[in-house]
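Student: Residue numbers (my numbering), protein chains in the order written: chain G, 1 to 167; chain A, 1001 to 1166; chain U, 2001 to 2390.
For the record, the hints were derived by calculation from the structure and aren't laboratory data. Hints may contain errors.
A few chain G residues facing chain A, derived, Cβ under 8 Å [as the list claims (entries may be wrong)]:
hint : residue
1    : I110
2    : Y114
3    : T153
Cut-off 25 Å, straight-line C-alpha distance, at most; resulting in silico cross-link-like pairs (DSS-like, lysine-lysine) [said to hold, decoys possible]:
hint : chain 1 : residue 1 : chain 2 : residue 2
4    : U       : K2231     : A       : K1144
5    : A       : K1049     : U       : K2231
6    : A       : K1020     : U       : K2320
7    : A       : K1049     : G       : K86
Even glycine gets a Cβ: it sits at the ideal position worked out from N, Cα and C.
Spelled out from the first residue to the last, the chains are:
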Amino acid sequence: MGLENQLVGDNVLVTSLTKLVNWGRSNSVWPCTFGLACCALEMIASTLANFDISRFGSEVFRPSPRQSDLIIIAGTLSKKMSVMVKRIYDQMADPKWVIAMGACASCGGIFQSYAVVQGVDQIIPVDVYIPGCPPRPEAVLAGLMKVQEKIRTEKLDQRPDFKSGML
Amino acid sequence: MEFSPIVDAICEICPGSVLKQTDHHGTHEITVAAESFYEVMETLHGDEKCAFDMLTDIVGIDRLPRTPRFDLLYILLSSRDFTRLIVRLETDEGQDVPSVSSIWHSANWGEREVFDLLGIKFSNHPDLRRILTWENFEGHPLRKDFPLLGKDYDKPFDPTTIEDYC
Amino acid sequence: MTERKTITLNMGPHHPATHGVLRVILELDGETIVNATPHIGYLHRGIEKICENRNYQQIIPLTDRLDYAAASANNIGYCLTVEKLMGIEAPKRAQYLRVIMAELARIMGHHLWLGTHALDIGAMTVIFYAFRDREMIMDINEEISGYRLTPSFIRIGGVAQDATDEFIKKVRDFVKWFPKALEGYHTLLTKNKIWTTRTMNIGVISAEEALNYGLTGPSLRGSGVAYDVRKAFPYSSYNDFDFKIPIGENGDIYDRYLVRMEEFKQSIDIIGQAIENLPAGPVHTDNPWVANPTLPEVQNDISALIRRFMIHAKGTPVPKGELYSAVEGAKGELGFYLVGNGNEHPYRLKIRSSCFYLASALPRLLVGHMVADAVAIIGSIDVVLGEIDR
Chain G
1 MGLENQLVGD NVLVTSLTKL VNWGRSNSVW PCTFGLACCA LEMIASTLAN FDISRFGSEV
61 FRPSPRQSDL IIIAGTLSKK MSVMVKRIYD QMADPKWVIA MGACASCGGI FQSYAVVQGV
121 DQIIPVDVYI PGCPPRPEAV LAGLMKVQEK IRTEKLDQRP DFKSGML
Chain A
1001 MEFSPIVDAI CEICPGSVLK QTDHHGTHEI TVAAESFYEV METLHGDEKC AFDMLTDIVG
1061 IDRLPRTPRF DLLYILLSSR DFTRLIVRLE TDEGQDVPSV SSIWHSANWG EREVFDLLGI
1121 KFSNHPDLRR ILTWENFEGH PLRKDFPLLG KDYDKPFDPT TIEDYC
Chain U
2001 MTERKTITLN MGPHHPATHG VLRVILELDG ETIVNATPHI GYLHRGIEKI CENRNYQQII
2061 PLTDRLDYAA ASANNIGYCL TVEKLMGIEA PKRAQYLRVI MAELARIMGH HLWLGTHALD
2121 IGAMTVIFYA FRDREMIMDI NEEISGYRLT PSFIRIGGVA QDATDEFIKK VRDFVKWFPK
2181 ALEGYHTLLT KNKIWTTRTM NIGVISAEEA LNYGLTGPSL RGSGVAYDVR KAFPYSSYND
2241 FDFKIPIGEN GDIYDRYLVR MEEFKQSIDI IGQAIENLPA GPVHTDNPWV ANPTLPEVQN
2301 DISALIRRFM IHAKGTPVPK GELYSAVEGA KGELGFYLVG NGNEHPYRLK IRSSCFYLAS
2361 ALPRLLVGHM VADAVAIIGS IDVVLGEIDR
């Protein structure tokens, strides 16, 4: 806008690298399928015809963590499964984000017992929490939009993967 | 199904094994002595008059502080005329119960679950190990002296402690 | 001299099919499975231990989350067990509403089975149509109880509230629409050459073996045994309805598929009969130990206020006794063994889960088949891990 337009015309766009990278990242967040319990059914419902998560950019749910950007922990995390969650989170490539979907993933839910981890944030860092038991598919979409908002306002040089020299 | 011919058949093959008979809201129940337990179960499965061909479930109950401590209930179903029978066995801490997994295959996982959650051991079981909790879990959760929240519930959980056992 | 060794392949707890967190360790000789060991417990939440510390009404949402694909059927099983022990009976209208919710739950559960089973085998279209119909049932659930997936609508002594006119209209519309959808599923799959090649004569289990392994539900009926808890031990006015039990012959995946497709039809018939003949009357028993006083009563009468607090906060005492009672859930016989000891918490509540025994039969079903058939077989027995691991 402004001086640049007068100099070079209407077919040139000027922006910052941060904004460009964040725009690309936020509009194509590919989740990893990680349905554990009842919330998984509402997550599937949000991907299918009635609610359609792919119009927000999450076109495919990759089964492999190496190819995904986002992991949605949907369901109760039992202590036996927490080992797998840590392993899968570590296998994901940067940049990666985590959504804790549902009451059980956020804080243990209605299961306060010897076998349940009271919240997935004891194991991995969480970006967005979606409350509900199970949350409606619209709530899942709202959570995804919050993650997209978070990605858009990130600064590239403050991301942990920047320090390794890769962008 | 009339249960007295069945009880008579059992008493003929293993005398003195049926200690008590009751009726729970329409389901017949017999209490069996520990010594002749396996023969009674074989009779219930194989005998002409009984033919209980499905073991629906095995229920373990901790009756602390009563001795004997545990109640084991075997819920049987006959597919001939769809009747149920409950077989009750009272067993104590440290006593081994003969496994019925060679008679009904469904007892394989049923007994593993009772072992995991209550600590009752079954002899002659093909693969007796924990099924619902992890391999080096300490304690047996469904016992009355095991707290609901488990050990160390106020500290954050560290998955590396059980990494090799899941 | 070359030596033949087996490869160990881990179908880990995290895999793309929605069956949940089931882990199967396969030993392969080439493509053929020589040994299969299922590992469960990755969703063990300690529900039975939690139940010993909650009062009887607080356990109802916990039972919803057992077989979360078909939630209402679990509620009914639990509430019937407690009612039998207490010696109370739900009124007729409540029993008919329970039947409608249970059969809708069965249809919901079978839709999930159909969509994911077909998706695993490769037919991706079916899941979109299946979930379109599932959304209609979830609308009905939301209308009557406010929840989509886990209604917790059934209470001890009846149901939570009466059916609204909107609910009856939605159920009637669904009953009119569903047979066309069912025809659509049959067109997509039943005579499809790829489907029949992938499912016929695979995962065969005979009737005696199925009974010995403790299988119940459509997996048992696919092998030819006519055992359905609704007919063998009738509950909740199922005797008033006219329905058949579909039975298979060969015990393979295709027969289990056909049994479930026919169960769709029988369930929608039962719902149609129930909604047309819905009797008038109360939807909750007036036994003072369980009946929730209404809001006008609570606001005007001190004894109703006290009773409301007693029922919700303290709980309802259940007499001493033991009882086993089962219902036909979407996957098979779902039983509850309840030991009551006179106070407000159960002494012991054991949940007989149908999927537990279905998963225990996996070693028998998988051995001798190829890896690609493993996915088809796991899909055909239709396990839901919430019920297995409790």
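Student: Determine for every hint whether it applies to the structure shown.
Tutor: Hints versus structure:
1. For I110 of chain G, the suggested interface contact is broken, since its CB lies about 13 Å from the closest CB of chain A, more than 8 Å.
2. Because the smallest distance between the Cβ of Y114 of chain G and any Cβ of chain A comes to about 3 Å, under 8 Å, the interface hint for this residue holds.
3. With a cut of 8 Å, the hint placing T153 of chain G at the interface with chain A is violated, because the nearest CB-to-CB distance is about 29 Å.
4. For the proposed pair K2231 of chain U and K1144 of chain A, the alpha carbon gap of about 37 Å is over 25 Å, so the pair is violated.
5. With a C-alpha separation of about 23 Å, the suggested pairing of K1049 of chain A with K2231 of chain U holds against the 25 Å cut-off.
6. Taken as a hint, the K1020 of chain A and K2320 of chain U pair is honoured in the structure, with Cα atoms around 19 Å apart against an allowance of 25 Å.
7. A distance of roughly 56 Å separates the Cα atoms of K1049 of chain A and K86 of chain G; the hinted pair therefore is violated under the 25 Å criterion.
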